[in-house]
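Use the sequences and the hints to build the structure in full.
Here's the letter readout for the chains.
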Amino acid sequence: MDSTQSLSDAEIVQALKNGGSMADKAILALYTHYYPYLQNFILNNSGNEQDAEDIFQETVVSFIELVKADKYRQEASIKTMLYTINRNIWYTEVTKRGNAKTRNKLYATDNILEDKNIDTYISEREARKELLQVITQLGSQCKEILSLYYYENLSMKEILEHTHFESEQVVRNKKYKCMKQLEQMIQDNPNLLTSLKNLLPYVH
Amino acid sequence: MYTNFTLDEKLQEYIDGGLDTATRTDLEAELQQSKELQARVENLRLAKYAIQHTALHAHVKRIQEQYNMTNTAKVITINKTKSSKKWMAYVAAAAVAILLFFVVHNTLTKSAPTADSLYAATFKQYTISTTRATTTPLHSLFVAKKYKALVTQIATNTSPTVEEQFLAAMSYYELGETEKINTLFQSIAAYNAKNNTILYKDDMEYYTGMSYLKQHKITEALAILTPIANNKKHSYSDVVTPAIIASLQKIK
Chain A
7 MDSTQSLSDA
17 EIVQALKNGG
27 SMADKAILAL
37 YTHYYPYLQN
47 FILNNSGNEQ
57 DAEDIFQETV
67 VSFIELVKAD
77 KYRQEASIKT
87 MLYTINRNIW
97 YTEVTKRGNA
107 KTRNKLYATD
117 NILEDKNIDT
127 YISEREARKE
137 LLQVITQLGS
147 QCKEILSLYY
157 YENLSMKEIL
167 EHTHFESEQV
177 VRNKKYKCMK
187 QLEQMIQDNP
197 NLLTSLKNLL
207 PYVH
Chain B
17 MYTNFTLDEK
27 LQEYIDGGLD
37 TATRTDLEAE
47 LQQSKELQAR
57 VENLRLAKYA
67 IQHTALHAHV
77 KRIQEQYNMT
87 NTAKVITINK
97 TKSSKKWMAY
107 VAAAAVAILL
117 FFVVHNTLTK
127 SAPTADSLYA
137 ATFKQYTIST
147 TRATTTPLHS
157 LFVAKKYKAL
167 VTQIATNTSP
177 TVEEQFLAAM
187 SYYELGETEK
197 INTLFQSIAA
207 YNAKNNTILY
217 KDDMEYYTGM
227 SYLKQHKITE
237 ALAILTPIAN
247 NKKHSYSDVV
257 TPAIIASLQK
267 IK
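Which chain is which? The protein sequence lines are A and B, in order. For the first sequence, the working numbering begins at 7 and goes up steadily by one. For the second sequence, the working numbering begins at 17 and goes up steadily by one.
Hints were generated in silico from the structure; no laboratory data involved. Predicted, not measured: the structure shown is a model, and the values here were computed from it. Heads up, a few of these hints could be off.
Stated by the list, open to error - In silico DSS-like cross-links for lysine-lysine, where the CA-CA straight-line distance does not exceed 25 Å:
1. 77(B) - 74(A)
2. 51(B) - 186(A)
3. 77(A) - 31(A)
4. 186(A) - 149(A)
Here is the structure:
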């Protein structure tokens, strides 16, 4: 935990872009430095501890995706970015819950950073949630191979070492089939597809 | 190399950046002419995004669990430190009184400790941190001691979190289903080994040792509880004391 104390904003951004074990440290640094502050924001605006935890998790995921898509150019500090994302996500959540009093209170609070990228990204929040549901329908073997390939950036040879397939070619064929299956699952959901298309600028 | 590709494979290689220059140029020319192909490429990019988003979500959740564990441990330590000076004198006085009581009691009764009496003296029921006790339905079920309902609910989850697995294990402990505790503890230990974490390490050691003691397996209990008594930093060294270990060795 101590090693996270000294990471600057620039180092955190670089670590998140690079991935690997440094990304772990950077994410932990985000929690260590900013979670207590943003937890208080949620608790002071009608949320409970579980809300604070869930909203901050979504905030961190959003921030990382904006960083990876080069939509965060460090004009504002990480603290300001996280505050803005956290506030805006909580605003959409209380609106969804029909809590007009808190929504009005939040509306009156200072939205420190006006950022079109954040607004567009958060506007498709429900589509991303639905996407998580779609993935649950994919088999565990497919999820594993595709995650190793597209998230961990492992080669077919490295994936072979992590799995029990016979050869790289078998892994490659399986990956093709899994992607085809996932493509079809998204294709079969026209409403989701329309919403997701707004997220294409954030796909890296 | 790419001439035998099916269209599906070629499109996937395209979004993965795996095509050679000539094949990519040909495909891009085709893409310009075909809206259908353009839509397929978009869909594949969204499928790739879906995977990356899901994996990132799981990654952040894992770090959050790690943060929560460390944070909870810190809160406990801070609370202990703050109150320790104030209570030091009372604890010392109480310890002397208890010691005197046991000396007198043992002298008068000459009764030998049993596995059951040592278990009762050493057992500390697992409690969820009060600040988080009511945050999820599973916490509420555990606090309400609805252990069967809790394990039933977790059983429906195909990929339970470490915390959920631990709560299930503690519920099985309360229900006396030892084998299931071991399976869940092994799963958490595997997670810790893979991710270089120490989630619930002290708790798992203590409750495994206590489980053996409960079953009167004294040798196995001693093997696990002795290191706890010898490690003052262990979360359960306040209940698993050298005196308890000495008594266990006597009845072995």
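Going through the earlier hints one by one, which of them does the structure break, listed in rising order?
Structure breaks no hint.
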